[in-house]
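Novice: So you can see what is in the structure, the chains are spelled out below.
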Amino acid sequence: GNSVTQMEGPVTLSEEAFLTINCTYTATGYPSLFWYVQYPGEGLQLLLKATKADDKGSNKGFEATYRKETTSFHLEKGSVQVSDSAVYFCALSTSSASKIIFGSGTRLSIRP
Amino acid sequence: DVKVTQSSRYLVKRTGEKVFLECVQDMDHENMFWYRQDPGLGLRLIYFSYDVKMKEKGDIPEGYSVSREKKERFSLILESASTNQTSMYLCASSPPPGVSNQPQHFGDGTRLSIL
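For the record, the sequence lines run as chains G and Y.
So the first sequence is residues 1 to 112, counted in my numbering.
So the second sequence is residues 113 to 227, counted in my numbering.
Only chain G is shown next, with the shape it has when bound in the complex (with noise of 0.2 Å):
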């Protein structure tokens, strides 16, 4: 069945580090990836997203390119700040499925 496997946190950072959160799946078919992000207190946001292979997608300096070769979709940023500290989740979907598959989620800190 469909997966995705996310790295487990949590993830400490300093501000202005480069940040790389791994991201992989299992999947049949071609499956649509995103990325969400859960800032305290709050519920899920769409960071990025990319339907196809080598789409890249990106958002507020965050980058992610779907690898099919790898299948994977590591989420990256060259300099982190500390409004980037929250909850990141890995996510897919497939055309034939309503439903979405979320990673277990990452905890980012980010110190100033």
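The set of hints was computed from the structure by calculation and includes no laboratory data.
Small disclaimer: the values here were computed from a predicted structure and weren't measured.
Take these hints with a grain of salt, some might be off.
As the list claims (entries may be wrong) - Computed cross-link-like contacts, SDA-like style, restricted to lysine to any residue with a CA-CA straight-line distance of at most 25 Å:
#: 1; chain 1: G; residue 1: Lys68; chain 2: G; residue 2: Thr12
#: 2; chain 1: G; residue 1: Lys99; chain 2: Y; residue 2: Tyr176
#: 3; chain 1: Y; residue 1: Lys183; chain 2: Y; residue 2: Gly152
#: 4; chain 1: G; residue 1: Lys99; chain 2: Y; residue 2: Ser179
#: 5; chain 1: Y; residue 1: Lys115; chain 2: G; residue 2: Lys68
Place chain Y on chain G using the hints.
Specialist: This is chain Y only, laid out in the frame that chain G set:
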């Protein structure tokens, strides 16, 4: 922007009570979802609905029911609340799947405590 509104941010109820959690979306989405979120367990799907009066069980439906009488509103019902249902509950909506898979849009969540 899509707006998904959950009726309460915080709710405290007692064991055995019947609890209603309400969710409304304003984008005419066909699909609506209820999740619970617990530390270390991520998001788990309770129920979803792909049309009015239609519902399907998710991964953890036991102890819950749902109601979708109108397209914009999806209610989660705890028939007899128990302490193990203390959790953060998240509602989401999305259009039906298609050529370009659409993401789900989430409400801010209801933090429910059962005493």
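Novice: Are the hints correct? Go through all of them and say.
Specialist: Now the hints, each set against the structure:
no.	hint	in the structure
1	G:Lys68 with G:Thr12	violated, 29 Å
2	G:Lys99 with Y:Tyr176	holds, 19 Å
3	Y:Lys183 with Y:Gly152	violated, 33 Å
4	G:Lys99 with Y:Ser179	holds, 18 Å
5	Y:Lys115 with G:Lys68	violated, 33 Å
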